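Asker: Using the UniProt record's numbering, you'd call the opening residue of the sequence shown number 1 and step up by one each time.
Don't read these hints as lab results, they were simulated from the structure.
Watch out, some of these pointers could steer you wrong.
DSSO-like mimics (lysine-lysine), calculated; alpha carbons at most 27 Å apart, straight line [said to hold, decoys possible]:
1) K23 <-> K12
2) K102 <-> K12
3) K637 <-> K627
4) K17 <-> K70
The calculated label-pair distances, taken between Cβ atoms and stated as ranges, are [to be verified]:
5) K17 <-> R916: 29 to 39 Å
6) A153 <-> A594: 35 to 45 Å
7) R741 <-> R465: 33 to 43 Å
8) R465 <-> E402: 50 to 60 Å
9) K627 <-> E775: 40 to 50 Å
10) L152 <-> E775: 51 to 61 Å
11) A240 <-> R397: 58 to 68 Å
12) R312 <-> R465: 22 to 32 Å
13) V750 <-> A240: 27 to 37 Å
14) T382 <-> G26: 29 to 39 Å
15) R312 <-> R626: 20 to 30 Å
Treat the numbers as computed from the prediction; the structure is a model and nothing was measured.
Beta carbons: idealized from backbone N, C-alpha and C, even for Gly.
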Amino acid sequence: MIETPSYADALKILGCKDARLVKVVGFAAAAARTGWALAGAGQLAAGLADMRTSIVLYGEDVARRMPELKTGVDRFTRTQRLAAAHAVIVVSAYFEALGEAKLPFTLDRLDRGERISHGVPTPERFARLVASLLLERLPTPEPHVPYAETRLAVERAYQRMSEALAGYVGGMAVWDELTVDDQLLLPRMLAEGPPAHALRIYDEDYRSLALDSHEFGVRSLVTERPPPATALSRVAWLLAELAPPRVGDRPVIHLARMAASALDQPLLQAGKLPEDVSLPLLGEGYLSPRFRVAELTPDASPAQLDWWEDQRALPDTEAFLVGHLTSLRATRAPLLVLGEPGSGKTKFTEVLAARLARSEFLPIRVELGGLDTPTATRAGVTEQIEQALAAMLGDQRMGYAELVEAADGALPVILLDGMDELVQGGLNRYDYLERVREFQAGEAELGRPVAVIVTSRTVVADRIRLPEGLLGLQLQPFDDEQVRQWLDIWDQANRALLARRDLTPLPAASALAHGEMARQPLLLLLLALYDAGGNALQHDHGPLGRARLYEVLLRDFTERETGGVRRVVIDQELVLLGTVALSMLARGRPVITAEALDRDLPALCRGGEDHADDAGQEDGGTDWVRKATERFFFVRKHGPRTGYAFLHASFGEFLVAWLAMDALRDLDRRRRLAGDEPLALVQAVDDDLLYAVTSHSCLAERGPTVGFILELLDEVPSAVRARCVELLAGLLRRALHERRRRHFTRFRPVRHTLARRLAAYSANLALLIVCASEEPVRVSSVLPGPGHLEEWSSLCHLWKGQLGQEGWSGLVTALAARRVVADGEEDVVLGGPEGDAGDGGMGDVVVAVATGHAPGHRRLLDQLLRAVGEGRFLPYRERLAILEELVRTVAVRSPAMHRALGAMWAEDGADPAELRPLLQAMLADPADRMGTWEQLVRAGIPETALWEIQGLD
């Protein structure tokens, strides 16, 4: 949870000058620290009645001074003051209602000053009461929370205040003066009277606050769906309503202009575009996205798309963004924006930065995937920001702190784009969001509060730790109306150009026939580009998968650019592009330098002939970099250091898959050419190309790459697939044996050990076997012999030890493995229908966790504990034994363990005595006892039972 201001905090923020009110609050705060006797109670003249009068009057004063409080201050100060003003109206409404409530006593009667009643000094009771009323943190409106929920939170705060007041009265002498009926009814009177009346007052005060302060008005808009918009245009309009923009010093002006100019650039920063199409500008062609929103607590599963389906949809994205950036949460924890490949995460940051550029904010975009590897690996957030600033400002070198100082009070908004590149690139930045939060906390202590927005692919969200207070957004696919709206924009930009070739722009009906592909912004653009070549989608309504779309688009464009009419010419160009993608994958980065391409391209694309001479001399001065990067719109220059990147990461993932399939086709072609010749039966097939392509990285490091391989294999005839499986199995059996390579030996994008390369090669062989096979694969069929399980286990340990976390995690996910027993023989089955991996039963989960062969230990442990708690698969006592073993051997203390214990405690026929030893073990550590105690009670174990267990302990 994000810390919200208490009433006492609000008085400090707003600079309250009511001496009596400040003194009462100060007394309560001091009493909480040192005790009432040392807090100056003897000098305290105010009582509850006086405090009520002061609070109500101060609330009226704050409401009257709202325009004054908002002007002449920077963005963050205004955010603080608005949150403080809200805290004031919450408490003021309660005390106003309390003064008008019909109670069997008056507040003056409580202030007569009885020194002692029921053994507790009155000043101490009063200090406790004031602490409950004025020192507790109060609810504050947030843009992702509907007003009705905020109102419920305020109501709970009022109930808590009434309970505190009832306890205070019950300890005073006035209690004894009440009739028995009044004593019985008083708690109910306080619980129902003041809170209900206070809520009505709060409603009116909040409406007034929303009218006076656009920030609160914006938050009320979040629940209403606005008319369709492009490029977050309402963000700029809503921000302009809040305050005039701040310009700042020269570097700030330069940054603002750079950010704002993005709206006037084409929708995609492509390389060489087709001459007969026109891309809409970003400010016109980017549709304001739809999101779902959730607070990402430790129990959240943000990497699972089905989990997001149960989260709240945001009707008004733009109002939410403005509301978030003007809230306290924005500067205390990052906002995590998740999305599928091609959903528009990067464009979202570009457009948002452009809209913020002319407001009270200072947007700074940091492309995490484009950072130097040392910076991405070891540097803190500040160093990453400063590297991005150096690239943007050029000669106007300036550190982050200097830039903020020059911004004249504008609130920095850091847009960290592509966190998945840090996670998937093998950089092990699982704690990255925690570091971002620490950066925000450190900057706040230095008087430089900062908002941070981080984007990432959804799939990596389970590989990072989620810090407290983290709010998450999930980018949603286009709905039908958005598809139509975007294609209308495409129509306006291209109708005249296409008419010259007797073609028409892609209509919505033809696009929507391709289902989910038309709902991802990037894929919809690619569909439109492909159709612009000859209206193929309008003439053929057959299914078109993602891999097929990428291939036909690349082939069509390559054919037009190179004038190639033969398939082999086009294939050579795709090999060239695939090598660029493979070099990026091997290095774990989406950007590659010209120097690296100069080494890698000739080494793999020159036909496999290795020469010791200079590559340029051997190729007659071929400019490999220019050949690979300057003719294709899907390769673009990245930054001033002559780096290159694909238009989108999915292009690279497809090209790696295509290159692997090309190497597999080469392998099959060589075996078929050898035929039944005598030497072919005893000589190993020439797999040098396949080895060069697949021995640097595990293909499963990038999940989409495996998906593309599967789609490409769907177009391969069954007989060819069967041949490939047989060839790959033979290679896997010999993969670790020493063998001299003759071709492609100069292709070394990264210098790995031989063990690392053999691990990657053998893992990719196993992966390709499973992908190419049309049936689940038994390990015994690939590794025949009595020791097949030992050999398989040895390979798994090699992969786990050499491939790194990302390679191993991706491999385990892709190779859905389960143990089976047939005719008394144990075996492992790989692949099979989707879902088999998760349905293998508790035994597979236990084995995976116990052996450390599972990449997501927490997820699998939770699955195991959920199975135990729900009583599946095993009898009660056997499940209890599993829990005891987990607690004893690996000290599991997760929320899933607490829930499992609670479920077993509540199970019909359960004997609590059997659970006592396990609960004793859970509570044994004094350092964790209180937290564990609370979690067990929440899970449904009675607190009386825990007290009894502690007594027995």
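Asker: Does each hint fit the structure? Answer for all of them.
Answerer: Hints versus structure:
Of the supplied pair hints, the one linking K23 and K12 holds, its CA atoms being roughly 12 Å apart against a limit of 27 Å. Annotation: proposed proximity of K102 to K12 is violated, straight-line Cα distance about 33 Å (limit 27 Å). For the given pair, K637 sits about 13 Å from K627 by alpha-carbon distance, which is consistent with the 27 Å threshold. Distance check on the hinted pair: K17 and K70 sit about 18 Å apart at the alpha-carbon level, within 27 Å; holds.
In this structure, K17 and R916 break the distance hint of 29 to 39 Å, their C-beta atoms being roughly 59 Å apart. For A153 paired with A594, a C-beta distance near 57 Å fails the hint of 35 to 45 Å. Under the hint 33 to 43 Å, the C-beta atoms of R741 and R465, about 42 Å apart, fit the expected range. Look at R465 against E402: about 32 Å separates their beta carbons, and that is not inside 50 to 60 Å.
The hinted window of 40 to 50 Å between K627 and E775 holds, with their beta carbons roughly 42 Å apart. Between L152 and E775 the beta carbons are some 55 Å apart, a value that agrees with the proposed interval 51 to 61 Å. Remark: the range hint 58 to 68 Å for A240 to R397 is contradicted by a beta-carbon distance near 32 Å. Take R312 and R465: their Cβ atoms lie about 24 Å apart, and the range 22 to 32 Å holds.
For V750 and A240, the hinted distance range of 27 to 37 Å is not satisfied, since their beta carbons lie about 50 Å from each other. Take T382 and G26: their Cβ atoms lie about 37 Å apart, and the range 29 to 39 Å holds. Distance hint check: the CB atoms of R312 and R626 are about 50 Å apart, inconsistent with the given range 20 to 30 Å.
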